[in-house]
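Peer 1: Chains H and P supply the protein sequences, listed in that same order. Each residue of the first sequence is one higher than the one before, starting from 40 at the first, in the numbering used here. Each residue of the second sequence is one higher than the one before, starting from 21 at the first, in the numbering used here.
The set of hints was computed from the structure by calculation and includes no laboratory data. Be aware that a few hints might be false.
To be verified - What the simulated footprint calls covered on chain H by chain P, stretch by stretch (three residues with Cβ under 8 Å from a Cβ of chain P suffice, anywhere in the stretch; the number is not a length):
1. 365–373
2. 815–829
3. 1065–1077
To be verified - In silico SDA-like links for lysine to any residue, alpha-carbon gap of 20 Å or less:
4. H:657 <-> H:634
5. H:809 <-> P:488
6. H:174 <-> P:120
7. P:484 <-> H:402
8. H:752 <-> P:120
All C-beta atoms, glycine included, are put in the ideal place defined by N, C-alpha and C.
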Amino acid sequence: MRARGCRNLMLDHSIRPRRPSATHDPECRRASATIRAVAIVIATLAATCGALADEDRQFNRDVRPILSDNCFQCHGPDSAQRKAELRLDVEASAKRDRDGSRPIVPGRLDESALYARITSTDPELRMPPPTSGKKLSAAQIDVLARWIRAGAAWERHWAFIPPQRPVPPSVQRRDWPRNPIDAFILARLEAEQLAPAPEADRTTLARRVTLDLTGLPPTPAEVDAFVTDDSADAYQRLVDRLLASPRFGEQMAARWLDAARYADTSGYQTDGPRVMWRWRDWVIEAFNHNLAFDRFTIEQLAGDLLPAATLDERIASGFNRNHRGNSEGGIIPEEYAVEYVVDRVDTTATVWLGLTVACARCHDHKFDPFSQREFYQLFAFFNNVPEKGRAIKVGNSPPFIKAPTRHQQQQLQALEAQRLAAEHALAQLEGELAAGESRWSAGFSSATPLPWAPSDHLLAQFPLNENDFDGTRTVNAGDVANFGYFDRLTLSAWIRPRADTGTIMARMAEQADAEGYSLQLAGGRLQVNLVKRWLDDAVRVETAEPLAIDRLQHVAVTYDGSRAAAGVKIFVDGRPQATRILLDELNQSFSTSEPLRLGGGGPGPAFRGLLDEVRIDKTDLPTDEIALLATRDTIDAICSLAPADRTRAQSAKLRAYYLAEHAPQPIRAARKQVLELAQQQRDLEESFPTTMVMQELPVPRESFVLVRGQYDKPGERVTAGVPASLPPLPTTSPDRLALARWLVDPAHPLTARVIVNRLWQAHFGTGLVKTVDDFGAQGDPPSHAALLDWLATELVASGWNLKALQRAIVSSATYRQSSRVTPRELERDPDNRLLARGPRFRFSAEMIRDASLAASGLLVEEFGGPSVHPYQPPGLWKELTGGGDATQDHGANLYRRSLYTFWKRTIQPPSMMTFDASGREACSVRVARTNTPLQALALMNEVTFVEAARMLAQRVMQETGPAPSERITLAFRLVLARRPSEQELRILRSSFERRLAEFREDPAAAAALLHVGEAPAAAALDACELAAYATVANLILNLDEAVTKE
Amino acid sequence: MDPRAQNPWLPDRRRFLAHSASALGTAALATLLSGDARGAVSPDDADAPSGLPHFKPRAKRVIYLFQSGAPSQLDLFDYKPALRDVQGSELPDSVRKGQRLTGMTSRQASFPIAASKYRFAQHGQGGAWLSELLPHTARVADELCFVKSLHTEAINHDPAVTFFQTGAQLAGRPSIGSWLSYGLGSENRDLPAFVAMISQGSGNPTDQPLYDRLWGSGFLPSKYQGVKFRSVGDPVLNLSNPPGIDSRARRAMLNDLGALNQLKLDAFGDPEIATRIAQYELAFRMQSSVPELTSVADEPASVFEMYGPESRTPGTFAANCLLARRLCERGVRFVQLFHRGWDQHVHLPQQIEAQCRDTDQASAALVADLKQRGLLDDTLVVWGGEFGRTVYCQGKLTRDDYGRDHHPRCFTVWLAGAGIRAGTTYGQTDDHSYNITADPVHVHDLHATILACLGIDHTRLTFKFQGRHHRLTDVRGQVVNGILA
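For reference, chain H alone in the conformation it holds in the complex (with noise of 0.2 Å):
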């Protein structure tokens, strides 16, 4: 291993030619000075060279990366690891006296005890000592021996200086670069003596850029167009084409919710579904609408906060809360709760600043001038959101608000407008209503009392009026009520109780720890229980003071639904009442097969004393209409009175009544009409998605260093701030919003560095600086550092227009070689680290799914919504939860693009999987590729890629003549944008033929094939020829080239 790390740092830093025989190359030497000459800053020009001289040893990029991952472990940032209070990563300590001795004397070898510690044979002196597991190779030793003589030059760690925008070197073949990228790039090949690979053939080229900046294939007629323009601007007006397409945000946004880690289900355990495809939706829009990145990442880290935020920002503010919960049964939610904060801690560094901060978690970073306690004070900036440590398992976690679509603004605003209308025409009649009132009333007797309440929740009533509840008699109603915790509910009654404890009614066996819900007094107190697990699924709220015994009173309890106790309302004699909260923990429904019960249930006591009039609302129903069912007069006995004598509640009372029963029907009708549209608006208002947001406490949450990371480990106290490395927060109070600003000051050294960066990953395959995620000491100095800054400042400097800057790097003629490689040329670069070719790579998941589906003509492309369930394999979730299985969709959703697929962090979806999707369980900003028979078995068999080839076999066979060889080119230039060649064309068709002649003698296997997914097979076509040409359209989409960009 240690041997292997040795190698890689010199492979990854240097990109050194290989052969020896350019070590002592005069030539190159004169090259390298002549470079210098011109005043040009490219840091890693000086590696031009196999050997270099001494004094072209660079501390950055040669000597840190040394000193990291082999001293500063102990002798680095990390003050409770450090050793002989050495530290290797500061210059004045490296080069303080120290008894008399040196670690570092420049330009003195012999007087430097670092190297005489390296060098020793002492394994008791010699460094890195044994055990630590380290040790230099000869190479590294000659690297600091020459870096000491030359005169120990220290920097600042590279990342942490802010760009200076560079002037892009002059170079000698002046016509090649098309923008000041390629200077940058060419300067190093000439350097390097290399030359650039010549342009891409124009099919190449158009298949090259489109793949990239929309994540499908280009169409022939697309091909076909830009080939024979021959106009001068005819590639800009393709990229220009291609930047506008509404497909471009859905490939930019793919990358971008894997850094988010984006999902549909929220993780751990449980891994129940979420909803936060609005905030997805967001992403989406705004790379399509190309909102700026500094606004982009001021919306999405602290959105909310914005002066008068507005539905939109709050969306995005919804980055942050992207992370896992957890909802396991019976865990400590301090423990999550820190979690879920050291998760934004992390995700917001590693996106941003392109900082591994974490690992500042449990002490001082090892590497990186970060110390545990400046982790905790960005920990602070993240730590105000109100929240639980235990997740909810099915849907979205507190904090989180209703995010209706435009369409859904729309519908609601036309219907508010409706029910406002509605009730202006109610109120226009109130004379007439109140006279007519006035009428009947007056007029009415009756013979018998008329008990009158509203119906139009009414679920069950039960007029019991039985005096003789003694503790042991319970009435069982039967299987009415059966409520879950998503339903509305009020619960009702009239009581005299005997006794300060006993339960009204419950659904819910009588035993300990039974599960169901309850009303019962408690200690005189009136209760609630809604029960999934006694102690820790459940909500209990009671009323704050105790209930007269002995009287007849009214009470009511609603719920609304929302799973928490403060959906729980209390009511007695028709008042609200002032609760106490005794448990808010309820996380799974608490239905069950028990019956309900009057007068007693589940485990406490039954009741004594009288119960009337109980009574089940499938509703939570409003306070005026609780204070109706709590008004015990019939309506004869309020119509008995004279007017004036009512009470206001007989008033309302009686006005319900004849508004119900027998006002005139021009007034009937129009109370129907406010109650039907403020019935739908409440509908609408249900069906809208929610999106959980960030929010803040009105009092910030006391933040404190954990000690080892640990959650019930606080030590000293601390504030919201920056790390001292990095530039101050220019404001005295910190709040996320001036974090986001801060991230996005174009003073700032790493943001535009690092997403740049990341940019040029997502083209050329690899980061400028290799390690995306890491711009630390450990991580990767850029191949080409005077680029990488001239990209950064060139973002700032355009607004942060980020189809500006991929405009800038599509057009270069860095991006425009062909990708074809020599043995030579890939001997020396053998990971196009120099570019002296273009790029040539695997598509990732999501694009080789879709760029099949787009070839089939099956690709529906229809932006945003719900997540959608395309084929997955029987049983992957029922074999690993014990649960269902997802429910798949049929007909348009199984052609989605593929980052609309439904994602369950714990079963991913197994062929994004196959092909290095990230997980989604943790931010991932790194791009894996690896060539695996799983990959092959994948493309060959899934029913996807099956149903694809039979699609694509389908439309060339209508869209073109007879001919095999029109057909099969169609289907090849439908996929690989070029059309085959003459080798090419004789293996597919005599692959076409043999297939023909096979399924001409089986024609069953031909049905069988044809029946793979379920778009249907063309019935006028010949199922055997149809077939055999399904087969050479999975050859075809099997091929390298198919799932290759190049």
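Starting from the known structure of chain H, arrange chain P on it as the hints suggest.
Peer 2: What follows is chain P alone, placed relative to chain H:
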């Protein structure tokens, strides 16, 4: 010799193929893959660690029988006769010592002691105590080493299982099998180095969910992730050709595909194309090697008798044990079974009896079967869950019924086979099986020991990610020499 060299599943062959790509025809490649590739793969592999194994391995492979949900050590292994006398009395504070409890029982009004209702007896020469629930395990007791002093940090399933599998409670690290395939590769070119299999316990048919991350590769390249063998449909996803395409047709298609890819390789020179050609050939070979492996039709009746009647039913623990032996025979490096259903919060007796019926006979049979085939000499077998269970009762305690909550402070795991001191018991717990009194073994220690059996110094199998050289055992872990032969 570098065992990786035999395994085209693992190495990134880019470097090697870079040298030979242009000269290499499909036929040559095919020969290379079907024949002896040893030494052909450059040791200068971009991903692979070098210098492994670090020392002479005792074991070549591992079968890990993971009991998901956490079996009760008190009712299976950790015999505490004195508890009968204090049945129902409150757990003394002097034992609990204020240690944290889960949210499920921390608000319980009392913590009554629940003694195991099962009889225990000593077995074998080693005299290991086992409960009556494990009669088959009792018969192979002398092959096993019982570690009674395992302890962990997590108190809930997800973080605890993740910790056992990856050495960290939070998602993101490679699983133990991925570390081994990264470090050692497989002995079989046609099979993955790491196979996972799942079975549902009959004690508790809905618990506990598992997660792909448990056999995932974390930050290691995804080629090191475990391949889940399934009991429904294809054993490996997408293994079968679609209806209407038989093996002969697939072979013909692959010949054409290879020829076309070769043209591309000749024109473009990208060694990834050569790798892809090779991976398609490998996929084709898997299409026959995997069904051959998973079809147990060739096993004699005596084998099914040994593993129990359920071994004929695909997807059961017993069937998976038999498959584990077949994988092991074929040189798969790390086979991990996950048996769910061990989370006995309530009705423990009824549930655990069913769990033991699922697992006891087949686990014992696997050990005996490996032994009779000589495979136990170089195969390590591990049996255990993610934590233990509390001595105090969760929920209602009666004479015959009780439940137990999660207990991370001590629990039992057994090991057998290569490198293990058979017929012994290691570590001790207090009279309540609540705290460890001698020889604690942390999860990191168990990992270090498993790696040591395979000839790996756990401090030296590392992978650099986000600036840090990560390892399975994080910054801890001591090899438990006391359990090694």
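Peer 1: Check, residue by residue, whether the segment 815–829 of chain H contains three or more positions whose beta-carbon lies closer than 8 Å to a beta-carbon of chain P, and give the verdict.
Peer 2: It holds: at least three residues are needed, and the segment 815–829 of chain H offers 4 whose Cβ sits within less than 8 Å of chain P.
Peer 1: Just to make sure I understand the rule, a stretch counts as covered if three or more of its residues have a C-beta closer than 8 Å to a C-beta of the chain. Does the segment 365–373 of chain H meet that for chain P?
Peer 2: holds (count 7)
Peer 1: Between residue 752 of chain H and residue 120 of chain P, does the CA-CA distance stay at or below 20 Å?
Peer 2: holds, 13 Å
Peer 1: Residue 484 of chain P and residue 402 of chain H were given as a pair; does the straight-line alpha-carbon distance stay at or below 20 Å?
Peer 2: holds, 19 Å
Peer 1: Against the 20 Å threshold, does the CA-CA distance of residue 657 of chain H and residue 634 of chain H hold or violate the hint?
Peer 2: Holds - the C-alpha atoms of residue 634 of chain H and residue 657 of chain H are around 17 Å apart, at most 20 Å.
Peer 1: Examine the segment 1065–1077 of chain H for residues whose CB is less than 8 Å from any CB of chain P, and state whether their number is three or more.
Peer 2: Coverage by chain P holds here, the residue count being 5 at a Cβ distance below 8 Å.
Peer 1: Straight-line Cα separation of residue 174 of chain H and residue 120 of chain P no greater than 20 Å?
Peer 2: violated, 42 Å
Peer 1: With the threshold set at 20 Å, check whether the alpha-carbon distance from residue 809 of chain H to residue 488 of chain P stays at or below it.
Peer 2: holds, 15 Å
Going down the numbered hints, you'll see the structure goes against just number 6.
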